[in-house]
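Construct all of the structure, not just a fragment, from the sequences and the given hints.
Sequential numbering of the sequence shown, starting at 1, is according to UniProt numbering.
These are computed hints drawn from the structure, not numbers from a lab.
C-beta atoms are modelled at their ideal positions from N, C-alpha and C, and glycine is treated no differently.
Just to be clear, a hint being listed does not mean it is correct.
[Unchecked claim] Listed below are the simulated DSS-like cross-link pairs for lysine-lysine, each with C-alpha atoms no more than 30 Å apart in a straight line:
no.	residue 1	residue 2
1	Lys501	Lys460
2	Lys194	Lys460
3	Lys194	Lys78
4	Lys154	Lys101
5	Lys154	Lys451
6	Lys280	Lys225
7	Lys460	Lys196
8	Lys704	Lys820
[Said to hold, decoys possible] Derived CB-CB ranges, DEER-like:
no.	residue 1	residue 2	range
9	Lys101	Gly744	23 to 33 Å
10	Lys101	Glu288	53 to 63 Å
11	Ala16	Thr746	21 to 31 Å
12	Glu470	Ala191	31 to 41 Å
13	Lys495	Asp567	25 to 35 Å
14	Lys641	Lys101	40 to 50 Å
15	Ile385	Glu288	31 to 41 Å
16	Ala191	Gly419	21 to 31 Å
17	Glu288	Asp567	26 to 36 Å
18	His526	Pro42	46 to 56 Å
19	Arg311	Gln465	40 to 50 Å
20	Asp131	Gln465	22 to 32 Å
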Amino acid sequence: MSTEANDREHAAYDFAHVQEKWLPVWDQLEPFKSGRPDDTRPKKYVLDMFPYPSGDLHMGHAEAYALGDVIARYWVQKGFNVMHPIGWDAFGLPAENAAIKRNEDPRIWTYENIATQKASMRRFACSFDWDRVFNTCDPEYYRWNQWLFLQLHKRGLAYRKDSAVNWCPGCQTVLANEQVVAGLCERCDTAVTKKKLNQWYFKITDYADRLLDDMAQLEGKWPEKVLMMQRNWIGRSMGANVKFVIEGMPEPVTIYTTRPDTLYGATFFVVAADSELAAKLAAGTKVEKEFKDYLEKIKAASDIDRLATDRPKSGVFLERYAINPVNGEKLPIWASDYVLADYGTGAIMAVPAHDQRDLDFARAMKLPVRVVVETGEEDPHSTGIATGGDGVLVNSESLNGLKKEEAIIKIIAQLEKDGLGKASRNYRLRDWLVSRQRYWGTPIPIVHCDKCGEVGVEEKDLPLQLPAAEGLDLKPKGTSPLGAATDWVNVACPKCAGAAKRDTDTMDTFVDSSWYFLRYPSSTNHFEPFSRKDIDTWLPVDQYVGGVTHAILHLLYSRFFTKVLNDMGMLDFNEPFTRLLNQGMVLMDGSAMSKSRGNLVRLSDELSHHGVDAIRLSMVFSGPPEDDVDWSDVSPSGSVKFLSRAWRLSGDVTSAPGVDFKSGEISLRKATHKALHDASFAVESFRFNVAVARVMELVNATRKAIDSGCGAGDPAVREATEAIAIMLSLVAPFTAEEMWERLGHTPAVALAGWPEVDPSLLVADVVEAVIQINGKIKERIEVSPTITDAEIEALALAHPTIVAELAGSTPKKVIARAPKLVNIVA
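Here's what the structure looks like:
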């Protein structure tokens, strides 16, 4: 096609007009409305991680929702009744901080942003069922947050305790361990410190084993990277609890170790500097001031920093001793920050020869190092490198000569016999800290009464709504702004009717997102969080799509809630998401987009310039979904030209709808059915870019067939063009709908149905065979799929290229593997 003709073609396709034309039609038709009473199609639940309304949609949203949309639209085309819902994760710090900055109610900012995002999603042609929408800041939703909190409280799974917690000085609130990234607050990047507070927790540790073991159900269905991240976060280890007598203390201290076989190698004892035990041991001693000064110095260090192997070791000798239970040896007790207060009991036996951090500490403090496992490596005392591998026990009395596993069994049996220890398991996972000292969140439905203690709000009084923000100072100050709402705080105790006070903290917003997928099927149910009938119909989620950044936080918490609700008899499954797809990030020039970097690309601008379909197509075609997309490498203008070529085909077809395709030109029919077959396989294996490539190939093949004499009236041309429209409906719905109309069909193409593939048309007439000499490819030839080994060998040896290469010499050997390969050994 000439440049002039190409320009005319491009100009003829007006994407803005097409978008304006079809959106109101789809609004009326509601092609993606799910759960109609008379719908007998099999069910499928496709879910995107729901967005936070921090502003208009951005390029990352464009990718995520384009991918989820491909999956949802594909299964609709395959004949399924697909529920593809959307809502907004609307509570949280960004809204509150924005409201403080603007001096307005967070509700205003939140609902305005929701309206903006909803309009953009409709413009983006997302296949959502708009009748199921909800926002987590709606009282009708967070009412059930509160109901679920009360159920956990009744079961002892929601409790309060004093603990050293992660504290963000910037946001002036506590954070769960999972919300601290590289020592910084995930929201504001402020360095996180430790602070002792009384806080609410969910007892997720009760489910640690099930959270680990049930991942067997997800193998091959979730990305292995996500499963590994969760396994590492839960961090189950097997070992022993061992009792150490502390001089001057009436009760022994129990430590946890994964290597009880190395007890004879312990040369000192370490307690976490910020633990109660350290404070107790230092109290009244001449090192108490030194200890308190040290404690103040390490206060700002994050857990990650403290555990780093390259961090210089520091500590204070407490001038106390622990007695090693296996040999009676006195071990000096040190307080240090490289041991965490909430790991095990906050105390360890230090075996420096076989643990790198212990060795680094021993060398810094000039403490002894004793090898008790002979691994064949050099002496760690001289090399500074601990020998952590397996080997044979030495310097360990009755354990000498035993291998690691044998020694562990023997020493645990000895400890249990003597009442000095027992086999145990430990976890890195800590209980989920859920209370926050901020306003914009779900109020905790607990009343504190001096007489009755913690009393749950009666269920008939739910939702316990947030008081109006007007008159409250929302600025972060370390205590909840709700404390100033005295008319709201002061209340009669639900039990004794005496004076009491409401809890003034709000829930972590991850509570909102830990069960929201269960609410969508029952989004209009005012009597329960969800109905069992709806759950049994739709759940668990068949396909979940979202970013890998939620691999631990959201996904782990959702799995926990599902298991709790399963135990309560409300669900008959214990894993919420059957399959998981993670998408990569959208970058610009190799970096995350941001105003400060000057590389921000606005989705609204791209949509206005290139059209919705071109942006969706570009996102999907850019590569495998799990890979990052660099927008500077993407060509939306190229997508516009391709869509224009596809659209032009629909205007060229002259055969009537319903024509018998079987009479069409056979080679184009074969190309059509191969494209449908390959695209279907590609979508189901999440290789959406491959599916798009097959559509592009079919567009080229169809244009070639028309221009080369097959003719626009050939039934095969209509079959191919209709297939193109249906396949394009997954990624470019406006173009596909326009093509479908031009082909003489009524909307919506989204409900056209995936064409059935004729297996007989997938049989190739010819296949490509490779001819090698000494393993190097010398020629490629086309042969019949039914060719024999002898026939393909004869063809290869007679080929001019091979004859010239052999130059008259006789091959030593010829290996023929019809119909694909001939390897000549010369």
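Results of checking the hints against the structure:
For the hint pairing Lys501 with Lys460, the CA-to-CA distance comes to about 19 Å; that is within 30 Å, so the pair holds. A threshold of 30 Å between alpha carbons decides the hint, and for Lys194 with Lys460 the separation of about 38 Å lies outside it, so the pair is violated. The suggested pairing of Lys194 with Lys78 is violated, with an alpha-carbon distance near 54 Å, which exceeds 30 Å. For a cut-off of 30 Å, the pair hint linking Lys154 to Lys101 is broken: about 39 Å separates their Cα positions.
With a C-alpha separation of about 19 Å, the suggested pair Lys154 and Lys451 falls inside the 30 Å cut-off, and the hint holds. Taking the CA atoms of Lys280 and Lys225, the gap is about 42 Å. The hint is violated against a cut of 30 Å. The hinted pair formed by Lys460 and Lys196 fails the criterion: a straight-line CA distance of about 35 Å is larger than 30 Å. Our distance criterion of 30 Å between C-alpha atoms is met by Lys704 and Lys820, whose separation comes to about 28 Å.
At about 56 Å, the beta-carbon gap between Lys101 and Gly744 misses the expected band of 23 to 33 Å. Look at Lys101 against Glu288: about 45 Å separates their beta carbons, and that is not inside 53 to 63 Å. A beta carbon spacing of about 23 Å between Ala16 and Thr746 agrees with the range 21 to 31 Å that was offered as a hint. For Glu470 and Ala191, the Cβ-Cβ distance of about 34 Å falls inside the hinted range of 31 to 41 Å, so the restraint holds.
For Lys495 and Asp567, the Cβ-Cβ distance of about 27 Å falls inside the hinted range of 25 to 35 Å, so the restraint holds. One distance hint, 40 to 50 Å for the beta-carbon pair Lys641 and Lys101, holds here, with the actual separation near 44 Å. Look at Ile385 against Glu288: about 36 Å separates their beta carbons, and that is inside 31 to 41 Å. A beta carbon spacing of about 45 Å between Ala191 and Gly419 contradicts the range 21 to 31 Å that was offered as a hint.
Here the CB-CB span from Glu288 to Asp567 is close to 47 Å, at odds with the stated 26 to 36 Å. Taken as a hint, the range 46 to 56 Å is violated for the pair His526 and Pro42, whose Cβ atoms sit roughly 29 Å apart. Range check, Arg311 to Gln465: Cβ separation about 47 Å, and the 40 to 50 Å hint holds. At about 25 Å, the CB distance of Asp131 to Gln465 agrees with the hint of 22 to 32 Å.
Of the numbered hints listed earlier, those contradicted by the structure are 2, 3, 4, 6, 7, 9, 10, 16, 17 and 18.
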